[in-house]
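Colleague: The hints should help you fit chain A onto chain Y, whose structure is shown.
Protein chains in written order, with the numbering used here: chain Y, 3 to 372; chain A, 3 to 372.
Be careful, since some hints might not be right.
No copy is singled out in the list; a pair is fine if it fits within one copy or between any two copies.
[Unchecked claim] Below 20 Å or equal to it, Euclidean Cα-Cα: the simulated EDC-like pairs (lysine to aspartate or glutamate) are:
| no. | residue 1 | residue 2 |
| --- | --- | --- |
| 1 | K257 | E173 |
| 2 | K108 | E81 |
| 3 | K108 | D61 |
| 4 | K79 | D61 |
| 5 | K54 | E81 |
| 6 | K238 | E228 |
| 7 | K108 | D82 |
| 8 | K257 | D141 |
| 9 | K323 | D133 |
| 10 | K140 | E249 |
| 11 | K54 | D82 |
| 12 | K337 | D94 |
| 13 | K314 | D94 |
Source of the hints: derived by calculation from the structure; they are not laboratory data.
There are 2 protein chains.
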Amino acid sequence: MKHLLLLIALSGSLCFVQAQDTVIKEDFKPSTKNQPQQEYPQVNSQGYARFKIIAPAADSVRVSLGLGGQGGTKLLKAEDGSWMGTTAGPMDEGFHYYNINIDGGKFNDPGALNYYGSTRWESGIEIPAHDQDFYALKDVPHGHVQQVLFPSPSTQTSRRAFVYTPPGYYENPSLRYPVLYLQHGWGEDETAWSNQGHANLIMDNMIAEGKTKPFIIVMTYGMTNEVRMGGMRNFKIEPFQTVLINELIPYVDSKFRTIADQQHRAMGGLSMGGMETKTITLGNPDVFSHYALLSGGTYAPDDVNANKSKIKLIFLSAGSKERPDGVRNAAAALKEAGFNAVSYVSEGTGHEFQTWRRSLRELAPLLFKE
Amino acid sequence: MKHLLLLIALSGSLCFVQAQDTVIKEDFKPSTKNQPQQEYPQVNSQGYARFKIIAPAADSVRVSLGLGGQGGTKLLKAEDGSWMGTTAGPMDEGFHYYNINIDGGKFNDPGALNYYGSTRWESGIEIPAHDQDFYALKDVPHGHVQQVLFPSPSTQTSRRAFVYTPPGYYENPSLRYPVLYLQHGWGEDETAWSNQGHANLIMDNMIAEGKTKPFIIVMTYGMTNEVRMGGMRNFKIEPFQTVLINELIPYVDSKFRTIADQQHRAMGGLSMGGMETKTITLGNPDVFSHYALLSGGTYAPDDVNANKSKIKLIFLSAGSKERPDGVRNAAAALKEAGFNAVSYVSEGTGHEFQTWRRSLRELAPLLFKE
Numbered sequence: 003m004k005h006l007l008l009l010i011a012l013s014g015s016l017c018f019v020q021a022q023d024t025v026i027k028e029d030f031k032p033s034t035k036n037q038p039q040q041e042y043p044q045v046n047s048q049g050y051a052r053f054k055i056i057a058p059a060a061d062s063v064r065v066s067l068g069l070g071g072q073g074g075t076k077l078l079k080a081e082d083g084s085w086m087g088t089t090a091g092p093m094d095e096g097f098h099y100y101n102i103n104i105d106g107g108k109f110n111d112p113g114a115l116n117y118y119g120s121t122r123w124e125s126g127i128e129i130p131a132h133d134q135d136f137y138a139l140k141d142v143p144h145g146h147v148q149q150v151l152f153p154s155p156s157t158q159t160s161r162r163a164f165v166y167t168p169p170g171y172y173e174n175p176s177l178r179y180p181v182l183y184l185q186h187g188w189g190e191d192e193t194a195w196s197n198q199g200h201a202n203l204i205m206d207n208m209i210a211e212g213k214t215k216p217f218i219i220v221m222t223y224g225m226t227n228e229v230r231m232g233g234m235r236n237f238k239i240e241p242f243q244t245v246l247i248n249e250l251i252p253y254v255d256s257k258f259r260t261i262a263d264q265q266h267r268a269m270g271g272l273s274m275g276g277m278e279t280k281t282i283t284l285g286n287p288d289v290f291s292h293y294a295l296l297s298g299g300t301y302a303p304d305d306v307n308a309n310k311s312k313i314k315l316i317f318l319s320a321g322s323k324e325r326p327d328g329v330r331n332a333a334a335a336l337k338e339a340g341f342n343a344v345s346y347v348s349e350g351t352g353h354e355f356q357t358w359r360r361s362l363r364e365l366a367p368l369l370f371k372e
Numbered sequence: 003m004k005h006l007l008l009l010i011a012l013s014g015s016l017c018f019v020q021a022q023d024t025v026i027k028e029d030f031k032p033s034t035k036n037q038p039q040q041e042y043p044q045v046n047s048q049g050y051a052r053f054k055i056i057a058p059a060a061d062s063v064r065v066s067l068g069l070g071g072q073g074g075t076k077l078l079k080a081e082d083g084s085w086m087g088t089t090a091g092p093m094d095e096g097f098h099y100y101n102i103n104i105d106g107g108k109f110n111d112p113g114a115l116n117y118y119g120s121t122r123w124e125s126g127i128e129i130p131a132h133d134q135d136f137y138a139l140k141d142v143p144h145g146h147v148q149q150v151l152f153p154s155p156s157t158q159t160s161r162r163a164f165v166y167t168p169p170g171y172y173e174n175p176s177l178r179y180p181v182l183y184l185q186h187g188w189g190e191d192e193t194a195w196s197n198q199g200h201a202n203l204i205m206d207n208m209i210a211e212g213k214t215k216p217f218i219i220v221m222t223y224g225m226t227n228e229v230r231m232g233g234m235r236n237f238k239i240e241p242f243q244t245v246l247i248n249e250l251i252p253y254v255d256s257k258f259r260t261i262a263d264q265q266h267r268a269m270g271g272l273s274m275g276g277m278e279t280k281t282i283t284l285g286n287p288d289v290f291s292h293y294a295l296l297s298g299g300t301y302a303p304d305d306v307n308a309n310k311s312k313i314k315l316i317f318l319s320a321g322s323k324e325r326p327d328g329v330r331n332a333a334a335a336l337k338e339a340g341f342n343a344v345s346y347v348s349e350g351t352g353h354e355f356q357t358w359r360r361s362l363r364e365l366a367p368l369l370f371k372e
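Pulled out of the complex, with its shape left as it was, chain Y reads as follows:
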């Protein structure tokens, strides 16, 4: 079926090829997250993705992306021995993880760059987004993303974190900066917000446009992946809480020009990182003053009433496809209870990185307003 689809689309004729009544536009271009010089995978302006895999003697090749209920996208063998196919429908805007099943084994697409998610280095693909400009690489002053190795006696090793220092950090050695501690989700690691999220580029662009004050962002591994996806009730916050509060924050405050007090320290996280944020902020009201849960739960007034005077912002976001009334209602209840609470819903996306890139874009201007 898909082979037929490809032939019809290539011939340029207008016809109804799917129950969806959509003509697939043949404006496919290599995904911006391909390896250098790799033509495939490709994406078009409507959000379709097209794959090409070389495995001449394979019996079956399937891509994990595509209409969920249909088990991904089955590729068909072309005359030259390559396997090709196009998703049956368009995908949500933004970044997606995927992998390839070849004869029953899971492998990555050699055409794509790799991104850590679902506890493995997956392939990644970027679907064009109408608002993609806000995370584009532009000719503006850029911050630095610093890989640091901080001592962690509690885990008996040096642990890695990435620290974004904003443009101007080096030119203004007398300035000190507030800090956002920003966590990834289950299955991910400390590279997620930079590689998948483009947090540094989002910040660079907003700072250049004067949309946010500059601040430091710290991104470390939230120790999320020891539990399996369905095993959240077994998750214990104490090990990561110890690393964060006792080891990482002191390290950052000693090596970077931070404003090292509660009023100038924020914590946020996506998905399971939001769950961690909620637990840690509630357990440490003298450490953080700005709280952000991105597709990561909500606070109720009862959770936070005891510390109202210390909490400057509660930010709750979700994609429009993941029951957004949860965050809207929670923010309304918090506002009613006297908190500076904001909800944000990303239109047309679900539990995925475009929701979280946009959430950071909405969150940043709200942080650290005196």
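Modeller: What follows is chain A alone, placed relative to chain Y:
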């Protein structure tokens, strides 16, 4: 044959299993460059590597590593549907790139981390080395590795570089540091010296032991991969030379506390990065004062006589398996001509990263001696 080898090795009996007369020690452990929680690939104390790939319906699975002339290591299907095999002989100490051929297609090993080489993100494996301590992650003060995006009008984009700032950089804001510009080889990119080379850990450890003065290392993409491996005669140095001299050096000197003069600026590179180093240093004698070619060619006295007073060090290294007399003889001739020339030969390695890790270890203490 290899299946038999595995059975015999596992049974622990002493016997001659190969023409090599070597008993394979069953002390295999997961490679230190595996993805989190992945058991395979594994390596033993003798340098053998063992692989396990899940691809139940595949017809053939082959690993690109193993005795060169034998075309890698063919895996055999075990009862549980996994494919397994062990290299026919031991491998050189240190880091190796590899990939997996499944039914005629090239893919990565899902158990291994990825490293950029041969113009693709390859799988990587680490063979234990008798001297591996010098690049180990230790409980010493660590430098930061900063990802920077510097403006490059000549290539109409912002380009990436990684800048290693040594431990103490933040604690001593009045100190300024010399700089080593360190290039990768053909097929690699700006991540090579950090990810494959562990340059930051080598420096952290030597600084902790007082074996080298601290300095900054800058690692950017040398624009090597537009030419194919055999197409060196088509390579033009001018684009990269322009990026390095006109764009990157000024950026580094403006954002970091460098000692921004010729006497405190070094350039080095491995393989094709050495070729670039030779060309650029000879063409810009007022920019660099310390030159290092790592498995990357040599200088003759005639190349450098005109600028003798400006050149403080010429360092030439090679692996013992890659005609090391070249660097020994060249250094001797340079010394005879009055230069501070040093050669270093890495024992038991060839054109591979262990040679270059060791070369950096030998080079660093020689740099920037007043």
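Colleague: Against each hint, give a clear statement of whether it holds in the structure.
Modeller: Hints, one by one, checked against the model:
In this assembly of identical chains, the alpha carbons of K257 and E173 lie at most 20 Å apart whether taken from the same copy (17 Å) or from different copies (7 Å). For the identical chains of this complex, K108 and E81 are inter-copy neighbours only, at 19 Å across copies versus 24 Å inside a copy, given an alpha-carbon limit of 20 Å. Proximity of K108 to D61 under the C-alpha cut-off of 20 Å is found in both arrangements, the shortest distances being 14 Å within a copy and 15 Å between copies. Taking identical chains as interchangeable, the C-alpha atoms of K79 and D61 lie at most 20 Å apart whether they share a chain (9 Å) or sit on different chains (17 Å).
With identical chains, the CA atoms of K54 and E81 are at most 20 Å apart within one copy only, with a shortest distance of 13 Å there and 31 Å across copies. In this assembly of identical chains, K238 and E228 lie within 20 Å of each other by CA distance solely inside one copy; the values are 10 Å within and 49 Å between copies. Proximity of K108 to D82 under the C-alpha cut-off of 20 Å is restricted to the inter-copy arrangement: shortest distance 16 Å between copies versus 23 Å within a copy. Taking CA atoms no more than 20 Å apart as the test, K257 paired with D141 passes between copies only; the shortest distance there is 17 Å, against 28 Å inside one copy.
For the identical chains of this complex, K323 and D133 are intra-copy neighbours only, at 18 Å inside a copy versus 54 Å across copies, given an alpha-carbon limit of 20 Å. Taking CA atoms no more than 20 Å apart as the test, K140 paired with E249 passes between copies only; the shortest distance there is 17 Å, against 35 Å inside one copy. When the C-alpha separation of K54 and D82 is checked against a cutoff of 20 Å, the pair qualifies only within one copy, where the shortest distance is 11 Å, while the shortest distance between copies is 30 Å. Within a single copy, K337 and D94 get their C-alpha atoms no closer than 31 Å, and across copies no closer than 64 Å, so neither meets the 20 Å cut-off.
Taking CA atoms no more than 20 Å apart as the test, K314 paired with D94 passes in neither setting, with 33 Å inside one copy and 58 Å between copies.
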